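S.K.: Spelled out from the first residue to the last, the chains are:
Protein chains: 2
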Amino acid sequence: MNGREIHLASRPLGWPSESDFVLAEVAVPEPGPGELLIRNEVMSVDPYMRGRMNEIPSYVTPFEIGRPLEGGAVGKVVESGSAEFAAGDVVLHQAGWREYALVADDAATTVDVTLGPASAYLGVLGMPGLTAYAGILEVASMVPGEVVLVSAAAGAVGSAAGQIARLRGAARVVGSAGSAMKLEYLRSIGFDAAFDYRDGALRRSLRRAAPDGIDVYFDNVGGQQLEVAIGALRPHGRVAMCGAISMYNAEEPPAAPRNLALCMGKRLTLRGFLAGDFAHLRETFVAEASAWLRAGELHYRETVVDGLAAAPGAFLDMMRGGNVGKMLVRL
Amino acid sequence: MNGREIHLASRPLGWPSESDFVLAEVAVPEPGPGELLIRNEVMSVDPYMRGRMNEIPSYVTPFEIGRPLEGGAVGKVVESGSAEFAAGDVVLHQAGWREYALVADDAATTVDVTLGPASAYLGVLGMPGLTAYAGILEVASMVPGEVVLVSAAAGAVGSAAGQIARLRGAARVVGSAGSAMKLEYLRSIGFDAAFDYRDGALRRSLRRAAPDGIDVYFDNVGGQQLEVAIGALRPHGRVAMCGAISMYNAEEPPAAPRNLALCMGKRLTLRGFLAGDFAHLRETFVAEASAWLRAGELHYRETVVDGLAAAPGAFLDMMRGGNVGKMLVRL
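Quick note, the sequences are listed as chains A and B, same order. In this text, residue positions in the first sequence follow UniProt numbering: the first is 1, and each later residue adds one. In this text, residue positions in the second sequence follow UniProt numbering: the first is 1, and each later residue adds one.
Where hints are given, some of them may not hold.
[Claimed, not checked] Derived CB-CB ranges, DEER-like:
hint : chain 1 : residue 1 : chain 2 : residue 2 : range
1    : B       : P211      : A       : G66       : 32 to 42 Å
2    : A       : A201      : B       : P57       : 21 to 31 Å
3    : B       : G14       : A       : P211      : 31 to 41 Å
4    : A       : P235      : B       : E84       : 29 to 39 Å
5    : A       : A291      : B       : H280      : 35 to 45 Å
6    : A       : E84       : B       : H236      : 25 to 35 Å
Derived by calculation from the structure, the hints in this document are not laboratory data. Only a predicted model underlies this, so the values are computations on that prediction, with no experimental measurement involved. The beta-carbon is built from N, C-alpha and C at its ideal position, and this holds for glycine as well.
Please model the complete structure; the sequences and the hints are all you need to start from.
M.R.: Put into structure tokens, the structure is as follows:
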């Protein structure tokens, strides 16, 4: 039996293109002892994957040329060499970008589909949701009554971050995004204000959305929005630095905030983080988030494309902001 | 009786000049009930005063044109309208830049000259020392075994910061400064390595001084040194943002770190602070620092100029890096 997978064909310089990816057909292996063969049903494309396409070692190892890409995926066990799992189990693992995945049993976790659909474990109940939860509550230490700004707010992480802030008592939640449709979406899920970062009047837009300033900035984009947020932060304000999507494809050194000297007088804290450091919160987070889902208080959206061959395009479209909510590929 | 004081004559744009200051002679007032008349003996010039010369409201109110400047000073009570103080008491207060100061009794504190000379309360035992102590231990949360970088390390704050790091168990302390004489001074007070930030090879100099990277950066300067430090910080590294002297006189937006995206992967924290927020540590700090002074383990130097008329020149010289250790004016 054969299965298809997406390999990295070449390392992109600046913006990736379809030609940096190649679809390969390979023989599906037999699971050995302690291994699972999984038929992937849905896979995730996430901004952090862009970093792994570079050769520069980072907090995650670079993808290898001519080898399959990796990333979160949910699938069904078709053959199990492990006593821990049986055929038919629905599991979350990191061997995405392929139809059949061979995975060690300790690298897979069963997902509880009574709490939410399997795909939610790649989004609102998964890594993006935990990122939002840890960023708002642990990294930024948001307390009730504060004003929160989220950039890339219509994405999987941003939409969860804004809603978690609201559900945990923020006085006002403001989001930025890149289209009228996204702004409408943000208002529909409870953001108090939303503005388009592309309209060229960032400072004024933020002032209108948060006239008294902000206490917390959940940063997914870096660059100019970070500078404007630093200007708007009130004393003892905090930035949860989650991502810098405005910089990932930059070939020139990107714009940098020229107003960092405000950090002293305003006693600001800027703190970068990775969701992986908050794995100890996963259980608490899933319990709290699934209760919000059941109560209809936490909303999420998915942008789904079909077929493995569409995965590179889905990744590129997500980097350009083409998705609302979680970008997924259904296999 | 008349006394002299320095008034702000005009608000500097960019670098201040002597003409922004004027020496005025005024009648010395009588202290009313609860007031002290103090003959100032030594006064401080500090980088933060530059910010108060601008009209922009900040964490401290701007100086007023035609009114005396303010700042730390130590003097002797010549006449007391308060039961708390007697003539002859040596007190620390904030009405510097003048020969005679009229001060409310709750704005003055007696200094214990058995712990250190009176002038030390403007430096190593005073606000600069507390700034260093709070920055290293509270803001950066340095733990024994870490590698620490301090910029403007030959100044009052920087020289204390590096030594406090060493005395509290840093594995390696590196300082940057702007002259061979300053680098020599840093080595003489126990810095493990020192480099000249003006030599045009910042990145290489830091790599040589700290080949395995740094854990803590005590930032007094901002700008390009901050960028280089972010590049050298190891995972979970911290920046105590104390000052940005490279920016205070800039008329153009200053250089900004273009590598902030490293904060995510390395989980860096950048935190701005003001010594005023750590007043609760003052007693602990003075006890610990004066014990180090007595034991000969903590060193400090003063650059002293004579006469109130020389104060503007001393301030300008300090902004240009002309001092080693604390810049003081003896009246």
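S.K.: If a hint holds in the structure, say so; if it doesn't, say that too.
M.R.: Hint check:
no.	hint	in the structure
1	B:P211 to A:G66: 32 to 42 Å	holds, 35 Å
2	A:A201 to B:P57: 21 to 31 Å	holds, 24 Å
3	B:G14 to A:P211: 31 to 41 Å	holds, 32 Å
4	A:P235 to B:E84: 29 to 39 Å	holds, 32 Å
5	A:A291 to B:H280: 35 to 45 Å	holds, 40 Å
6	A:E84 to B:H236: 25 to 35 Å	holds, 33 Å
When the structure is compared with the earlier hints, no violation turns up for any of them.
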